[in-house]
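Listed in order, the protein sequences are those of chains H and P. If you count by the numbering used here, then the first sequence holds residues 4 to 267, one letter each, in order. If you count by the numbering used here, then the second sequence holds residues 223 to 760, one letter each, in order.
It should be emphasised that the hints constitute simulated quantities derived from the structure, not laboratory data. Please note that a few of the clues may not be correct.
[To be verified] Incomplete in silico selection of chain P near chain H, CB under 7 Å:
{"hint": "1", "residue": "Thr645"}
{"hint": "2", "residue": "Leu681"}
{"hint": "3", "residue": "Phe682"}
{"hint": "4", "residue": "Asp703"}
[Claimed, not checked] If we take Cβ atoms under 10 Å as the criterion, some of the chain P residues that face chain H in the derived model are:
{"hint": "5", "residue": "Tyr635"}
{"hint": "6", "residue": "Arg680"}
{"hint": "7", "residue": "Phe705"}
Note that the coordinates shown come from a computational prediction; the quantities given were computed from them, not determined experimentally. The beta carbon of each residue, even a glycine, is placed where N, CA and C say it ideally should be.
Chain by chain, the residues:
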Amino acid sequence: MQSMRCFALLLALPVLLAGARTHESNPMNSAEDFQEGKRLYRIHCGNCHGMQGDTGRGARLARKSYVHGNTDAELFDIVEGGIPGTDMPGLWLEEDDVWRILLFVRTFAETASKGCDPGNGEAAAGKQIFDTKGSCLACHTVGNTGGRLGPDMSFAGELYTNDQLRRALLEPARDVANRYRTVRVVTADGERVDGAWMNENSYRIYLMDRSENIRSFRKADLVSFEMPSESLMPAYKGLLSAGELEDLLAYLCTLRSPAKEAAQ
Amino acid sequence: MRITAPQWTLPAAMLCAAASGLPEVTNSDLLNDEVIASDWLNYHGGYSGQRHSLLDQIDRGNASSMRLEWVFQEKISEKFETTPLVHDGVMYITVPPGDVYALDAATGARLWRYSRRLPPKLIACCGLVNRGLAIAGDRLFMATLDAYTIALDRKTGRLLWETELIDYSLGYSGTHAPLVVKDMVMVGTAGGEYGIRGFIDAFDIETGERRWRFYTVPGPGEFGHDTWAGDSWKTGGASVWITPSYDPKLDMVYWGIGNPGPDWNGDVRLGDNLYSDSVVALEADTGKRKWHFQFTPHDVHDWDATQVMVLLDSEYRGEVRRLLVTANRNGFLYLLDRATGEFLKATQFVKQTWAVGISEEGRPIRRPGMEPSAEGVEVFPAVAGGTNWMSPAYNPDTGLLYVSCREGSAMYYKGETEYRPGTRYWGSMFINEPTMHNWFGAVRAFDPVSGERIWEHRLFQPAWAGLLSTAGKLVFAGTSDGFFKALDAESGNELWRINLGARVQASPMTYLGGGRQMVAVASGGALFVFGLPQGRAN
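So here's chain H without its partners, still in its complex pose (with noise of 0.2 Å):
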């Protein structure tokens, strides 16, 4: 099949976007396609995000609200693009299927809503074990005060659901998250860091210490430099009795954005 168009088209015409989205909001609702999406879902994102999507090496999909986008649509382009710079990789999938993916997984935000339930806890009194006891705040922000070694807690409570608090709290090195790895190096000198992981590339590596100091090291320098398999966080298993850790989830349960506590 050939045609002969010489000259025909006209210069610069505006590309049409491949791979786009026809649509802007889910068209699809049945539960087949719930099915569909769910068995596509634990195939293509299961690996990364967790098949409850609540564990994993990607973001926890069981929540509220998300970072990168929340419309239909921005979910969407998320899917099929990609986080550039991030693990998130553009699964490249047909439109339809997309779609049914995230019929799927508007289902982890239910779950998530019923999660954080601050139970029988004071959440009063788990402020203080954040703030003092448990030196929680040594290393997460809440609002403006905090530290910054692990990540931000000030919306904990629409981002986790009882079990994942309670299992972060008690085994923090099943589940960590990448930008978060733990990093230990001796230098030449033999001065002895660790540190949570920011960057790396064939050179360096970059960290913050226990400190907040950001870190650059020469690898070629190090003396030794591993990842071991543990978070920065302690263990609180031994540490807090049972009733302290439910003061400490009523507290965390408790820590949302007024915006959109307001608009419930």
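We have chain H; now place chain P onto it with these hints.
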């Protein structure tokens, strides 16, 4: 100085840049691409696939003073995999998904742009990419994502003809830089993840009329048809997505052919599945097969043979032979006689666990239990292979072949798959590489004949960038952590590097811009061009 394009309004620098070559690219230019060092007239910088330039202004003594000359930037969210062409002071590049630009090769100033109107739902497994152009006469040729071959006027970017390869909505696309041989332009079809039946077409460069077609999956009655069980040949894949090499004396074009489909589940396609994962030598004038050699019969790991076929003449067992060397995705470096297709040698060049070795005849001796399964099987190398489409380079002076190597394993999963036109036909999941702990990359230099590794330059991550060799005894390499660097071709020592701020996923090239040697490489959404500080060149 010659003014080659009177109708252009050229920047002054441009006129000075027009230093060499004829205004029209002749057949003799194409045959001498390797020798016409000022220009870069074919994806590989010459028919031999060596990606070696005779330019030596930049050498081991001065490479460390290289600096940025100019940058071309566009809103490119796709992988920018192009290798530019340069002729007569003008650079031609493709920009994904369907644009072509002409730039002043000395300054980067834009001259014209062609933008292809593409349908909204293109089908491409691995990004809406394009790797470059071919040039002949006053024409440029591009294979498009909507499965056309098109010809543009190189002076204006005007569309001269377009010929459809096949209906793109069935999963076909064009991504590689075409090859011009004599008065023909040749293009193969991509789409090996969509149950296509691959083929290669040759078109008349004047009219766009098809001269011949070669099916990379033989049909009923054709040689090799019986290597496909039942009707599996109809959806056998065997795509083409990298530019072939060409030997003008033998008049043979060497095509690396892609994986069989479905990729990771071979149950529906029992047999060797010719010509998937093979090199096929086609007679240029007729498209007739002269010989073929299959690297991975009945592949179930997605190890396309779409690596560059490097042609070189060298002594082998006391005789000067016409050789073809290729580092294959399956982890072995192969040496073949390119006149006959005779298998001479295979050497392992990265860690691999799927084969015990390669037999006398060149067939892999498989290790049992290394096929993908529902539970997953760990195999070295990973799906992307021991190397991939990124170009190797060969320096005739050092006699070394340079390869960007990918080390590491993947978990391979097998699943059910059903053919539906225009949709994925994989037989597994795409993300079958959850473990990256054992991954790293390396630029390695090999003696292509003995297969011996001479040196290695380690990379933190496996790279997706090709290599360029120059007579200045340099090897240029890009990396996944965003560096572009110059290595000593004899030792692998790093002489210069720069952080480009994004992964390099293209192969570099070099040319003369305004009489000075420049080195170009795409990274992120930009094309970067480097040279020596003014006055430092010889």
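Please flag the earlier hints that this structure goes against, numbers listed from lowest up.
none
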